[in-house]
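Residues per chain are reported as follows:
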Amino acid sequence: MIDNAASRDTVAIDEAVHEIYKQLTEGNDIASVPFRTMKDVFMWAVSLGCQQGKRRPLSGKKVTIFRWAQFSPQIDIPLLKALSIADSGNVNVLLSQDEILTIAEEYANAGIYELRTNVLDQYGQPLWNLVSNLSTQ
Amino acid sequence: MKLERIILENFRQYFDRQRLDFARDNQRRVTVIHGVNGAGKTSLFLAINWCLYGRNVENVKVIDNVGELISKEASNRATIGERVRTVVELTFLHNGERYLVRRALQSTKQKDGTVSLDLSEDFTMMRTRANGQAERISNPIGTMNAILPVNVREYFLFDGEKIDNFAKPEAAAQVKQAIYLVLKLEILDRARRHLESAAQDYRKELKQTSGGELRNLIEQEEKTRAEREKAENRKVELEQESESARRKVAEIDQRLRETQNAKFLQQQRDLIERDLKQRRTELDSLLSQIRELATGAYFIIAQPAVDYAIQILDGKRERGEIPSSIRQQFVQDLIERMYCICGRPFTEGSSEHQHLLSLLISSLPSSLENDVLDTSAALRTFSDHAEKHRTDLDAAMRRRIELVDLIKELEGKLDDVGRQLKGSPLEEISRLERQREDFQADMHSYTLEIGSLTERIKQLTRVIADLMKSIDKAQKNERHGRLLGIKLDLAQRAADAIREMYQIFADDMRTRIEAKTKEIFKQLIWKDSHFQDIQLGPDFNLEVIDRYELPARPELSAGERQVLSLSFITAMSRISEEEAPLVMDTPFGRLSSQHRNNITEHLPNLTDQLILFVTDEELRDQARMNLQPYIGAEYRLNFDPRTSCTEIAEVSND
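Which chain is which? The protein sequence lines are U and V, in order. Counting from 1, one number per residue, gives the positions in the first sequence under our numbering. Counting from 1, one number per residue, gives the positions in the second sequence under our numbering.
Just so you know, the hints here were simulated from the structure itself, not pulled from any lab data. These figures come from a predicted structure and were not determined experimentally. Some hints here could point you the wrong way.
[Claimed, not checked] With a cut-off of at most 27 Å between alpha-carbon atoms, the simulated DSSO-like pairs for lysine-lysine come out as follows:
(1) U/K62 - V/K469
(2) U/K61 - V/K469
(3) V/K458 - V/K176
(4) U/K22 - U/K39
(5) U/K39 - V/K388
(6) V/K469 - U/K22
(7) V/K458 - U/K22
(8) V/K518 - U/K39
[To be verified] Computed, partial: chain U to chain V, Cβ under 8 Å:
(9) L48
(10) L79
(11) L83
(12) V93
(13) Y123
Even glycine gets a Cβ: it sits at the ideal position worked out from N, Cα and C.
Put together the whole structure using the sequences plus the hints.
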């Protein structure tokens, strides 16, 4: 079990990429703005960063975008734990929520650019780009 | 993209408000607009271009050297100080959704008789939802560009005078450019442009200095607040007008239901409208479902890392570390007491003591052990989740295509009913239907403007909040870090690398277009035995090879060049799989009757929607007969030399 009392529970990103998160979540048109929550953008960015094997420590000013409680216990938390175990090769990483978050944030900090390229910089509407991104996996 | 309707208000020679509905049935997909020279064909063609793209977008000139867009008649009739509005509004369908695009100019009559523009062009794009409400699209230029990029438009909306350009010997660069644009090779170019513009921003930022603009900010806040109030008042007005139009449509529907000869058709329309509403609602909820599935599918991407984590966890199990057979607390108690389970004491450093210590190290705290077991169990379900997720998403995407088709079909049926009522020999029915159409067009316009105002009010509210913050921060404007220089260098180098990749994609597309152009050219040309082949070489020269295997382009007549160009354009549109209308301004002027006949025979089947601006001479005899079964709407542009105004009149085909 993670020692929550001593851990931070906010998820942060670099201020420089905040605009991409906003672009992907702010608006009513589902096809042009596919994401409902910043949490989902973050999880996509984490997964893409991990898939590409890219991590980028946060540098510069940070922006908090949501809290740990927003992660789903069925998928998100086991997934973040799995990525930490795969990254460190050691299950002891589960003792530190801080460490799990740092690993996730660093993957997301690299993966968000991948997400932008795949979804926003492509011809066509972002939602369909996201779907086709999945079908190529 | 399929064009549904255009409304012009005081645009060039189109005085007042005029409307034209385009044919867009699968069967009857051709709209013919007749006009003698100078009647206003090109102005109407221009109106479509201007409405969608303005005078220029992203440095692409859309409208050039065309003089004034504001109706001279409207300017002339206006009194000094009176405002003249010039508006073009287009409604089109794209991927099962209806879009409304409107571009407007507002000007004021001056004392010297001229008019001066009050504001820059106002461009609004709306999308209507199933519930009938319109929502403003926040990034209209980007959205329009995704539907039909400005650079691509000239290959779908093209000027008959320039049609043979591609087949001219000096046209290689143009052919290459067309392929890049239509076949989406522009994506790479756009990525490069993004990076270059980022580099440019960094440059600007480096140069910028901050200054105290407090007064300026306060003034801006005041102005913005006044503008918001005005928009709110206008919105209330429009909501009332829209409600009144809606009631009038309902009244007409009721009258048609009660009229003997229209009853059946109106009932049919009621059923179709109900069905259409249901389908649109279903499409909307399906879209939300697809969104949920797609945005929640990240765990599929991370599956390899999950598999690796499971492998690590399994390793722990296999080595017996999880679950550990002996509880950590129990081992710790034994060490503290220095007694074995059997009651025998042991000493520090003894083999028993050593063994207990090693057990303590290799076992996990019970809390972590539980976490490991829970995580492991959860991760094992991921691959099943992924499978189900994919299946659900595939099914939803397939259903979406079905629904989009179904909606198109229902809209076609709805148009049919409208057409039949409008064409009724009973004047009363025909008149009611026309009135109904007018009210509906008004409602579309009101909805468009209401949605636009709602967004504007929201936007102004945000601007006010930002201004208030800026006022607070005004004195704190400080310079940025030196990192900008490094970022600038990086962005520029990345842009250069993409430029190199740009070329690689061209070859594959070139080969595919070559094959398709050949296929279409053979259908359209009458001397097909003489011309044997079409080649599109690496230098992008479009070449016709004759039966002697010799390049024949220099010998092509103007008409044959036109056919070659047309083949190339339609080939590109087929390969690109874009659903876009083909709008042609005086396309057949230079063709012999044989070519004209071949083209009119095949062209309707090469495009999803065809809009032709023609003179009477261009379209007669066999050519006219060929097109006849496909014509769904026909208009005549009546130019009145006394007022220099043109009126759009529908030509009845019944």
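**Message:** When the structure is checked against the list of hints, which entries are broken? Sort them ascending.
**Reply:** Those not satisfied are hints 3, 8, 12.
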